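Novice: Mind docking chains B and C on chain A? Use the hints.
Protein chains in written order, with this note's numbering: chain A, 111 to 343; chain B, 109 to 418; chain C, 252 to 612.
Keep in mind that the hints were calculated from the coordinates and are not lab data. Be aware that a few hints might be false.
Stated by the list, open to error - Quick list of the computed label-pair ranges, beta carbon to beta carbon: (1) A:Met133 / B:Thr166: 16 to 22 Å; (2) A:Glu113 / B:Val336: 16 to 22 Å; (3) C:Asp368 / A:Thr160: 34 to 40 Å; (4) C:Glu276 / A:Ile153: 23 to 29 Å; (5) C:Arg325 / A:Ile153: 32 to 38 Å; (6) A:Asn334 / B:Ser259: 43 to 49 Å.
These figures come from a predicted structure and were not determined experimentally. Glycine included, each C-beta is placed from N, C-alpha and C at the ideal position.
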Amino acid sequence: MYEIIEGFLEAARLIVTLDPDVMAIAARSIIVSFTATISATLIAVPLGTTINFGTFRGKKSLINLIQTLYALPTVVVGLLIFLLISRVGPFGSLRLLFTPTAMIIAQTVLILPIMTGLTISALSGVDPVIRDTLYSLGATRLQFLTNIMKEARFAILAAVAVGFGRAISEVGAAILVGGNIMASSFMSSTRVLTTAISLETSMGNIPQSIALGIVLLVIALGVNLAITTVQHR
Amino acid sequence: MQRRTLFAVAAVMVAFLLICGCTGTTTGPDPVSAEKQQLRIATTTSLDDTKLLERLSTIFEEQYNAEVLVISAGTGKALEYGQRGDVDVLMVHDRAREDTFIADGYGTNRRVFAYNYFVLVGPESDPAGIKGMEPKQAFAAIREKGMAGESGVTFVSRGDASGTHSKEKAIWKAAGLNYSADVQGSGDWYLEAGKGMGATLTMTNEKQAYTLSDIGTYLAYKGDLELVTLVDEGDTLLNVYCAMQINPEKYPDINSTVAKDWINFMISDDVQKEIASFGVDKYGQPLFYAAQNDWEKIGVTEAEVTDPVL
Amino acid sequence: MIELVNVSKRFGDTAVLGGVTGRIERGEIFAIMGPSGVGKSTLLRLIGLLDTPTGGEIRIGGTDIHAKNGQSLRIRRMMGMVFQKPAVFNSTVSENIAVGLRFRGASEAVIRKKTEDALEVVGLSGYGERRARTLSGGEMQRVALARAMVIEPEILLMDEPTANLDPVSVEMIEELARRINRDLGTTIVLSTHDMYQGQRLAHRISVLMNGGFAQVGTPREVFTLPASRDVARFIGIENIIRGVVTAGGNGTSAIDVGGTLVRARSPFGEGEAVCLCIRSEDMRIVPAVGGKAVLSGNSLPGTVASIVPRGPFSKVTVDCGFLLSSVLSWKAVDALGIREGSRVVVSFAAESVHVVRAAQG
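Looking at chain A on its own, in the form it has when it is part of the complex (with noise of 0.2 Å):
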């Protein structure tokens, strides 16, 4: 018990004086979950509106895959990106392994199918009758697509803070292909919030652990209760 207040009161100094150090590494989880986020969200949403919007074989079934790879684990995405961009791997020329890039790619695709599968649902959720009347008022193709996207804005929304929900909060691929380096330039470390709790508290670093888990916490909810506050105007 001592050591969770003692934790806790060190962990409030910490981000009272704006440590640096917990500073530098929340700073560095934003952008790199944020980059990833912006990356999968422009993948998935031209991308789930593609889906949503086709007429293929195999849509039902493609759908089904992409709600599974929901689930996708994290150390997964890891191992193979990993096997990917490592020197021996196909993309291994690159020299990409233990980057903020690893990082951000792993977690891009790691966020994928939950983004790819929320834009389907934000855009099947639409008012049939929505879709009817932009036809009805002479829509285009280009014209219907952007506006059905306008309309499912906030659902959309809603699906990249999920993204950059699960990017910021995952471990296991951040640690696999970014290595948890702490070097002395901003941007060549690969430490960020998570791997540093996992790592601060392997070794015993209660505080520093709490306060970088409080930092992850804040950002975490902060960014859907600020899509909660915009989506209920």
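Specialist: Below, chains B and C without anything else, positioned relative to chain A:
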């Protein structure tokens, strides 16, 4: 109108962060560190957990205008990263596997820079009664009591193919036991942590069990632990650290120049002194001994501790 | 303007439309009526290019609109549509109305002008900046109408536009439809299950039954001279009685209904099986004793079988060997002093009897 403003602000923020993210995450040179070379080191956890590497890399970065990226992994994983060409330098402590690694052509230019000893640590109550025993006798005693179900007798192994794990297996063998048959999975008394040294010590402390640790990491963590040194004598407990580079003949685009710089740096007089004095102020004794003058004692050639690599 | 040529539509194994043929003239309000689920919406969706027919052709200005000839966007943009369910985009009222104009690349100035004008026409001036989703159902439907109106379509399709709306909104929407048709010359195709709405609004009415048009005509034609027993039932004629023509000629026939003879005007000859359609409003009921038959033609004695209240009226059903219903005010019922079991005489003119051929089979 308010909504539009909000969206605009959000969009600008997104764009800004996107630019940050993109420029920030490219490994290419940024203006400040235009000529900065990156050196990737895969290391045994003990060098990282004790903060020795952090200290040395800071000095190295200043002297060589390079950036050191440390991936703390344990000897087994470090060798694996090395074999795949994902790092430039290895810092490990498992002589036998190093030899194989070099013989297979993956590693070259090995230099020994430090040594210390392994210690068998455990709870002060010492339920297995091993204090002062020879290492192999102590191991045998822990196994016997553990198998007999004596309460409180548990051994936590690194279980991660690290150098320390190799050493542990060697001691079991010296005690006349077949590791995989007699020790591993022989009962609840034997646990495999699958973690680094620091984490394994933390776990051992939680369980009030026995474990084998290098003295450096143990001392660095001692303040938080309720574990004492029970066995610290015996030739088998010698622990020798080396640095080597990945063979550029295997991976031509390896960062060979900086890798050599690093190895020479490690055996330089200044760094040897730094190693010998590291931690004395904090722990009252050094965590590592410099290899420079003790090559005979630790059974390596003089060339391996003093000759600069070219 | 719009030609329907043997249009059919199946959904899986279900045939909804089985060969609809008809013509909708430029500038008219054409109502498609029929019971729920008969395929009115489907037909409108086919015209509006929201769905493709299984067979047949729909032509607008002579062009098959479902032909793959790169004309579909142009044709789609000739039409506007209002749906049964009031649906608005999640934006402001003005933005909702502007959508179709934006699709057509109209300038901001034009959009602003037309949007404001349309708001005024539909009685929503000052609502422009409101969130459309916060409006009532009736207001939303007016927004939907304004949205379809500003693109100035040649054809406006309205699919049950007033179902589920309050009476005030219904009246507003109907008035707007009339105005759009009158002021802009827009051809309106309206589907409705409410026969009175069809009667109020339409220049011509079609009755969609069993997958095809059972009758097309002016409201007067359809309501007074239903083409079949089913149409008669649909338009609310309560007395539909089977009989056989026993004597015909000169446009007047005697029809045998279970032993009772009824005089009617009909073109059918002797021996033909027919149905008699008699509106309850056209019947008189007088006491059997002391009353006088005010109308020449048919006077049938019978017994009051039931008196059922209906709004401010009572529906009086009399058994004259077959059942005939009439509608009387409460006062009239009191004045007549009738109740169940009373002996009365039902009288109606031969002209009030509309005779149709009995349905086959």
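Novice: Does each hint hold? Answer for all of them.
Specialist: Quick rundown of the hints versus the structure:
{"no.": "1", "hint": "A:Met133 / B:Thr166: 16 to 22 Å", "verdict": "holds (20 Å)"}
{"no.": "2", "hint": "A:Glu113 / B:Val336: 16 to 22 Å", "verdict": "holds (21 Å)"}
{"no.": "3", "hint": "C:Asp368 / A:Thr160: 34 to 40 Å", "verdict": "holds (39 Å)"}
{"no.": "4", "hint": "C:Glu276 / A:Ile153: 23 to 29 Å", "verdict": "violated (52 Å)"}
{"no.": "5", "hint": "C:Arg325 / A:Ile153: 32 to 38 Å", "verdict": "holds (35 Å)"}
{"no.": "6", "hint": "A:Asn334 / B:Ser259: 43 to 49 Å", "verdict": "holds (48 Å)"}
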